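2 protein chains.
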Amino acid sequence: MKIASIESHRQVEVTMEGATGAKMRMLIGPDEAAPNFHMRHFEVAPGGHTPHHRHDYEHEILILKGRGIARSERGDRSVGPGDVLFVPANEVHQFVTDGPDPLEFICLIPAPKDCSK
Amino acid sequence: MKIASIESHRQVEVTMEGATGAKMRMLIGPDEAAPNFHMRHFEVAPGGHTPHHRHDYEHEILILKGRGIARSERGDRSVGPGDVLFVPANEVHQFVTDGPDPLEFICLIPAPKDCSK
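Protein sequence lines correspond, in order, to chains A and B.
Anchor point for the first sequence: position 19 equals 19 in the working numbering, and the numbering is continuous, going up by one each time.
Anchor point for the second sequence: position 9 equals 9 in the working numbering, and the numbering is continuous, going up by one each time.
The set of hints was computed from the structure by calculation and includes no laboratory data.
A portion of the hints provided could be inaccurate.
Pairs involving identical chains hold if they fit within one copy or between any two copies, as the list cannot separate such chains.
[What the hints assert, rightly or not] With a Cα cut of at most 25 Å, we get these calculated DMTMM-like pairs of lysine to aspartate or glutamate:
#, residue 1, residue 2
1, K2, D56
2, K113, D76
3, K2, E91
4, K113, E32
5, K2, D101
6, K65, D101
7, K113, E7
8, K2, D76
9, K23, E91
10, K2, E73
11, K2, D98
12, K23, E13
13, K113, D98
14, K113, D56
15, K113, D101
16, K65, E104
17, K113, E73
18, K23, D101
19, K23, D98
20, K2, D31
21, K113, E17
Here the structure is a predicted model, which is why all the values come from computation and not from measurement.
The task is simple: from the sequences and hints, build the whole structure.
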């Protein structure tokens, strides 16, 4: 069993096109040889957002801190700590910080077949 | 995109042999047709614990509230909010509440092939 705090994981800037002020930590992934799904932590600065995009895999998300707007094909919804979000594959989505505090959440994805990505 | 608070999900007693004072909420699972992995929420009462067992699939865990002891083949370790735990397949493990407050965590597993389970 591997145990480590969120903060002990290296935080890197999200450089994907369309992301602004977003940083990511890989909590459980290739380093643990996690075979089926990966747990990541995101911190989006005030005024920041994740890309407005879609892809062929799902997201499972839990909001930890801050407030945000979850944008999808069904409109904008306010989210905060304790909210659980399921984004099905191929649905357009974006997360935008709302308010003065960073938006923090974990976001899980299926393990990429090529784990070097 | 489906959005719902942790508290809005139905909480059920964990009836698995070896569990005491443990309740579970399925946050993302069969109801969402989550194809690859399921997110569950556990709340273990003071004095309670999950089963001391192992199985052929991994756990990915984030502690949300309270304090606990994570028991594994490598010994006992204290865990608290913000700790991330990876339990590989086939490793014996147990989570025991430590202190006066309930231990709350999310625990993700691969989607069972038979989603009715």
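Cross-check of the supplied hints:
1. For a Cα distance limit of 25 Å, the shortest separation of K2 from D56 across copies, 17 Å, qualifies, whereas the shortest one inside one copy, 30 Å, does not.
2. For the identical chains of this complex, K113 and D76 are neighbours neither inside a copy (32 Å) nor across copies (34 Å), given an alpha-carbon limit of 25 Å.
3. Taking the closest pair of Cα atoms, K2 and E91 come within 25 Å of each other only across two copies (11 Å); inside a single copy the shortest separation is 33 Å, beyond that limit.
4. In this assembly of identical chains, K113 and E32 lie within 25 Å of each other by CA distance both inside one copy and across copies; the values are 15 Å within and 23 Å between.
5. Only between protomers do K2 and D101 lie at most 25 Å apart by alpha-carbon distance; the minimum there is 24 Å, versus 30 Å within a single protomer.
6. With identical chains, the CA atoms of K65 and D101 are at most 25 Å apart both within one copy (8 Å) and between copies (21 Å).
7. Taking the shortest alpha-carbon separations for K113 and E7, neither the intra-copy value of 27 Å nor the inter-copy value of 34 Å comes in at or below 25 Å.
8. Taking identical chains as interchangeable, the C-alpha atoms of K2 and D76 lie at most 25 Å apart only when they sit on different chains, with a minimum of 12 Å there against 37 Å within one chain.
9. In this assembly of identical chains, the alpha carbons of K23 and E91 lie at most 25 Å apart only when taken from the same copy (22 Å versus 32 Å across copies).
10. Taking the shortest Cα distances, K2 and E73 sit within 25 Å of each other only across copies (11 Å), while inside one copy they are farther apart (38 Å).
11. Only between protomers do K2 and D98 lie at most 25 Å apart by alpha-carbon distance; the minimum there is 19 Å, versus 34 Å within a single protomer.
12. Taking the closest pair of Cα atoms, K23 and E13 come within 25 Å of each other only inside a single copy of the chain (4 Å); across copies the shortest separation is 37 Å, beyond that limit.
13. In this assembly of identical chains, the alpha carbons of K113 and D98 never lie at most 25 Å apart, being 34 Å within a copy and 39 Å across copies at closest.
14. Proximity of K113 to D56 under the C-alpha cut-off of 25 Å is found in both arrangements, the shortest distances being 13 Å within a copy and 20 Å between copies.
15. Taking identical chains as interchangeable, the C-alpha atoms of K113 and D101 are never at most 25 Å apart, the minima being 35 Å within one chain and 40 Å between chains.
16. Taking the shortest alpha-carbon separations for K65 and E104, both the intra-copy value of 5 Å and the inter-copy value of 16 Å come in at or below 25 Å.
17. Taking CA atoms no more than 25 Å apart as the test, K113 paired with E73 passes in neither setting, with 28 Å inside one copy and 30 Å between copies.
18. In this homomeric assembly, K23 and D101 come within 25 Å of each other (Cα to Cα) only inside a single copy, at 14 Å, whereas the closest approach across copies is 32 Å.
19. Taking identical chains as interchangeable, the C-alpha atoms of K23 and D98 lie at most 25 Å apart only when both belong to the same chain, with a minimum of 16 Å there against 33 Å between chains.
20. For the identical chains of this complex, K2 and D31 are intra-copy neighbours only, at 11 Å inside a copy versus 30 Å across copies, given an alpha-carbon limit of 25 Å.
21. In this assembly of identical chains, the alpha carbons of K113 and E17 lie at most 25 Å apart only when taken from the same copy (22 Å versus 36 Å across copies).
The structure fails to meet hints 2, 7, 13, 15, 17 from the earlier list, while all remaining hints are met.
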